[in-house]
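Start counting the sequence shown at 1; every next residue gets the next number (the working numbering).
There's no promise every hint is true.
Said to hold, decoys possible - Using C-beta positions, here's what the derived DEER-type ranges look like:
1. Asp136 to Gly112: 14 to 22 Å
2. Glu128 to Ala99: 31 to 39 Å
3. Ala58 to Ala129: 33 to 41 Å
4. Lys132 to Ala58: 36 to 44 Å
Just so you know, these hints were derived from the structure itself, not from any lab. Built from N, CA and C at the ideal position, the CB exists for glycine as well.
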Amino acid sequence: MAGAGRAGALLVAGALALAGCATDAGTPAGAGDSTPPAASPSSAPATAGASTPANTGAVPETLRFTATTVTGETFDATALHGRPVVLWFWAAWCPRCRAAADDVAKLRQSHGDRVHVVGVAGLDSGDEAMRKFVTDQGIDGFVNLADDSGEVWRRFGVTSQEYYVLLDAAGTVAYKGTLTPGALRDRVAALAG
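Sequences and hints are given; from them, build the entire structure.
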């Protein structure tokens, strides 16, 4: 089973490497996506059971998963419940991802008290390259997941890097796709309210 998942991740990584950093027009919420959305860690601590005062009601399915951070800690996504979430999918070898890192870090600085920001690295990046990317790009101010197996990527139906999944405070997918820095700021500001 693990070999099949790894082979699938390698096939996707190979196709994307051949195509370069592919773009995707993005998908507004509810636009024909049959893949159940999910959320990832953000500015929340990398511990299970963390909560915020806004955490009321049942945790949505999108936030019911765990993953490993680039630093090797276990992250429980239920800790994100109650606030909007920005999931930024990146690959360590992607030039567009490298260019976007500063914008995502600034987003975390300006909205981190109201919105969780979580990086999700993958596409055969490799553990060492992921850690180096986080350090070199200065994005260690928020949680970054090491997802070379592609579990979180598949959960959200993500097939290309430098891609965003935005969840509202209820855990519902509000947007999926690529975003310019300005569009990212606008969409996150609207979610942050």
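Tested hints:
1. Distance hint check for aspartate 136 and glycine 112: the Cβ-Cβ separation is about 21 Å, which falls inside the suggested range of 14 to 22 Å.
2. The hinted range of 31 to 39 Å is not satisfied by glutamate 128 and alanine 99, whose Cβ atoms lie roughly 21 Å apart.
3. The beta-carbon spacing between alanine 58 and alanine 129, approximately 38 Å, falls within the hinted interval of 33 to 41 Å.
4. Range check, lysine 132 to alanine 58: Cβ separation about 39 Å, and the 36 to 44 Å hint holds.
Hint compliance for this structure: hint 2 alone is broken.
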